Amino acid sequence: AQSVTQLGSHVSVSEGALVLLRCNYSSSVPPYLFWYVQYPNQGLQLLLKYTSAATLVKGINGFEAEFKKSETSFHLTKPSAHMSDAAEYFCAVSEYTGGFKTIFGAGTRLFVKA
Amino acid sequence: SQTIHQWPATLVQPVGSPLSLECTVEGTSNPNLYWYRQAAGRGLQLLFYSVGIGQISSEVPQNLSASRPQDRQFILSSKKLLLSDSGFYLCAWSGGTQDEKLFFGSGTQLSVL
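Respectively, the protein sequence lines represent chains U and B.
Per the working numbering, the first sequence starts with residue 859, numbered consecutively.
Per the working numbering, the second sequence starts with residue 15, numbered consecutively.
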C-alpha cells in the first residue's frame, strides 16, 4: 500500500520568509501526488498535483512542489509567505485497489507571523 | 458546473444515538464518492469509498457504515454512536481516474457527548 509522511505537524514562518513543507512518499509504482490546503472549518482544496509530466509543479497562490524520485519526496515551497497562507496543508497520494482512492498524510499546520 | 453538498454543518449527538450524514453531488455522473474523517492531529482518514451505486469499500473496521442509494448520493450512518466517533467528516468526489483531484464538501463537525 502507498503512504505519505509529512515531517512536522506545525511549521511557523515570518511573513515574507520561505515556506517549506516536507512530504515523503512510499510507492511501488509511479505515484500521483497532490498537495491540498484546508482553511479553518472548511473542506480541502487542491493546490497542485504531480502526474509525471514535469518534476517541478506550479500551483495556485504561488506554491510549487518538486518531485524527486531518488529521495521519494514531494516538498511544497513558496518563496515568500503571506499571512493568508496560514492554514493546514496535506500531502496525498492516489492509488488503485479496485477503485482509485487518495491517501492523505497527517497534515502540517502553517503559522505565519507578522 | 459541479457542486457537492454536505449536511448538516454541525451536529451534537448523545452516545448511543443513531447518525445519518448525507452528501450529494450535482453536475456530474458516475462519480467516485468518498467519506473521510479528520480527527485533531491525525490528518484525514479514509473511511469509505464507492465507485458506483451499491458498491461500498470500507477502509477501516469501525462503528460506521456507508450507503450509496443513488448515483450521486452518499450516506454515512451509525446505529449507535460512540464518543470516539467525534470528528470532522468530509465527503468528496472525483471523476474516477488516478490523477483526478478530489472535490470536497464543506464538512460536518460531529460531537458525540
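Some hints here could point you the wrong way.
[Unchecked claim] No farther apart than 25 Å at their CA atoms in a straight line, the calculated lysine to aspartate or glutamate pairs in the DMTMM-like style are these:
id: 1; chain 1: U; residue 1: Lys907; chain 2: U; residue 2: Glu922
id: 2; chain 1: U; residue 1: Lys916; chain 2: B; residue 2: Glu114
id: 3; chain 1: U; residue 1: Lys916; chain 2: U; residue 2: Glu953
id: 4; chain 1: B; residue 1: Lys115; chain 2: U; residue 2: Glu873
id: 5; chain 1: B; residue 1: Lys94; chain 2: B; residue 2: Glu40
id: 6; chain 1: B; residue 1: Lys93; chain 2: B; residue 2: Glu73
id: 7; chain 1: U; residue 1: Lys971; chain 2: U; residue 2: Glu953
id: 8; chain 1: B; residue 1: Lys94; chain 2: B; residue 2: Glu73
id: 9; chain 1: B; residue 1: Lys115; chain 2: U; residue 2: Glu929
id: 10; chain 1: U; residue 1: Lys907; chain 2: B; residue 2: Glu40
id: 11; chain 1: U; residue 1: Lys927; chain 2: B; residue 2: Glu114
id: 12; chain 1: U; residue 1: Lys916; chain 2: U; residue 2: Glu946
id: 13; chain 1: B; residue 1: Lys115; chain 2: U; residue 2: Asp943
id: 14; chain 1: U; residue 1: Lys907; chain 2: U; residue 2: Glu946
id: 15; chain 1: B; residue 1: Lys115; chain 2: U; residue 2: Glu924
id: 16; chain 1: B; residue 1: Lys115; chain 2: B; residue 2: Glu36
id: 17; chain 1: U; residue 1: Lys971; chain 2: U; residue 2: Asp943
id: 18; chain 1: U; residue 1: Lys907; chain 2: U; residue 2: Glu924
id: 19; chain 1: U; residue 1: Lys907; chain 2: U; residue 2: Glu953
id: 20; chain 1: U; residue 1: Lys971; chain 2: U; residue 2: Glu873
id: 21; chain 1: B; residue 1: Lys93; chain 2: B; residue 2: Glu36
id: 22; chain 1: B; residue 1: Lys93; chain 2: U; residue 2: Asp943
id: 23; chain 1: B; residue 1: Lys115; chain 2: U; residue 2: Glu946
id: 24; chain 1: U; residue 1: Lys971; chain 2: U; residue 2: Glu922
id: 25; chain 1: U; residue 1: Lys971; chain 2: U; residue 2: Glu946
id: 26; chain 1: U; residue 1: Lys926; chain 2: U; residue 2: Glu946
id: 27; chain 1: B; residue 1: Lys115; chain 2: B; residue 2: Glu40
id: 28; chain 1: U; residue 1: Lys916; chain 2: U; residue 2: Asp943
id: 29; chain 1: B; residue 1: Lys93; chain 2: B; residue 2: Glu114
id: 30; chain 1: U; residue 1: Lys926; chain 2: B; residue 2: Glu40
id: 31; chain 1: U; residue 1: Lys907; chain 2: B; residue 2: Asp99
id: 32; chain 1: U; residue 1: Lys907; chain 2: B; residue 2: Glu36
Calculated directly from the structure, the hints in this document are not laboratory data.
The structure displayed is predicted, hence computed values, not measured ones.
Results for each hint:
1. For the suggested pair U:Lys907 and U:Glu922, the alpha carbons sit about 9 Å apart, so the restraint of at most 25 Å is met.
2. A threshold of 25 Å between alpha carbons decides the hint, and for U:Lys916 with B:Glu114 the separation of about 16 Å falls inside it, so the pair holds.
3. Proposed proximity of U:Lys916 and U:Glu953 is supported: the alpha carbons are some 22 Å apart, at most 25 Å.
4. Only pairs whose Cα atoms come within 25 Å are accepted, and B:Lys115 paired with U:Glu873 is rejected, the gap being roughly 29 Å.
5. Restraint check for B:Lys94 and B:Glu40: not satisfied, since their Cα atoms lie roughly 30 Å apart, outside the 25 Å limit.
6. Taking the CA atoms of B:Lys93 and B:Glu73, the gap is near 19 Å; set against the 25 Å cutoff, the hint holds.
7. With a C-alpha separation of about 36 Å, the suggested pair U:Lys971 and U:Glu953 falls outside the 25 Å cut-off, and the hint is violated.
8. Distance hint between B:Lys94 and B:Glu73 is fulfilled; the C-alpha atoms sit about 19 Å from each other, no more than 25 Å.
9. In summary, the hint linking B:Lys115 to U:Glu929 is supported, as the alpha carbons are separated by about 24 Å, within the 25 Å threshold.
10. Distance restraint check for U:Lys907 and B:Glu40: the Cα-Cα separation of roughly 24 Å lies within the 25 Å cut-off, and the hinted pair is therefore satisfied.
11. Restraint check for U:Lys927 and B:Glu114: satisfied, since their Cα atoms lie roughly 21 Å apart, inside the 25 Å limit.
12. Proposed proximity of U:Lys916 and U:Glu946 is supported: the alpha carbons are some 19 Å apart, at most 25 Å.
13. Among the hinted pairs, B:Lys115 with U:Asp943 is consistent with the structure: their alpha-carbon atoms are about 21 Å apart, no more than 25 Å.
14. With a CA separation close to 17 Å, the supplied pair U:Lys907 and U:Glu946 stays within the 25 Å bound.
15. Distance hint between B:Lys115 and U:Glu924 is fulfilled; the C-alpha atoms sit about 18 Å from each other, no more than 25 Å.
16. A threshold of 25 Å between alpha carbons decides the hint, and for B:Lys115 with B:Glu36 the separation of about 21 Å falls inside it, so the pair holds.
17. About 11 Å separates the Cα atoms of U:Lys971 and U:Asp943, which keeps this hinted pair within 25 Å; it holds.
18. For the suggested pair U:Lys907 and U:Glu924, the alpha carbons sit about 10 Å apart, so the restraint of at most 25 Å is met.
19. Taking the CA atoms of U:Lys907 and U:Glu953, the gap is near 14 Å; set against the 25 Å cutoff, the hint holds.
20. The straight-line distance between the Cα atoms of U:Lys971 and U:Glu873 is roughly 6 Å, inside the 25 Å bound, and the hint therefore holds.
21. At roughly 15 Å between alpha-carbon atoms, B:Lys93 and B:Glu36 fall within 25 Å of each other, so this suggested pair holds.
22. For the given pair, B:Lys93 sits about 40 Å from U:Asp943 by alpha-carbon distance, which is inconsistent with the 25 Å threshold.
23. At roughly 18 Å between alpha-carbon atoms, B:Lys115 and U:Glu946 fall within 25 Å of each other, so this suggested pair holds.
24. For the hint pairing U:Lys971 with U:Glu922, the CA-to-CA distance comes to about 21 Å; that is within 25 Å, so the pair holds.
25. A distance of roughly 15 Å separates the Cα atoms of U:Lys971 and U:Glu946; the hinted pair therefore holds under the 25 Å criterion.
26. Using a Cα cut-off of 25 Å, the hinted pair U:Lys926 and U:Glu946 holds, with the two alpha carbons roughly 23 Å apart.
27. With a C-alpha separation of about 16 Å, the suggested pair B:Lys115 and B:Glu40 falls inside the 25 Å cut-off, and the hint holds.
28. Our distance criterion of 25 Å between C-alpha atoms is met by U:Lys916 and U:Asp943, whose separation comes to about 16 Å.
29. Among the hinted pairs, B:Lys93 with B:Glu114 is inconsistent with the structure: their alpha-carbon atoms are about 33 Å apart, more than 25 Å.
30. For the proposed pair U:Lys926 and B:Glu40, the alpha carbon gap of about 37 Å is over 25 Å, so the pair is violated.
31. In summary, the hint linking U:Lys907 to B:Asp99 is not supported, as the alpha carbons are separated by about 31 Å, beyond the 25 Å threshold.
32. Taken as a hint, the U:Lys907 and B:Glu36 pair is broken in the structure, with Cα atoms around 28 Å apart against an allowance of 25 Å.
Comparing the model with each earlier hint shows violations of hints 4, 5, 7, 22, 29, 30, 31 and 32; every other hint is respected.
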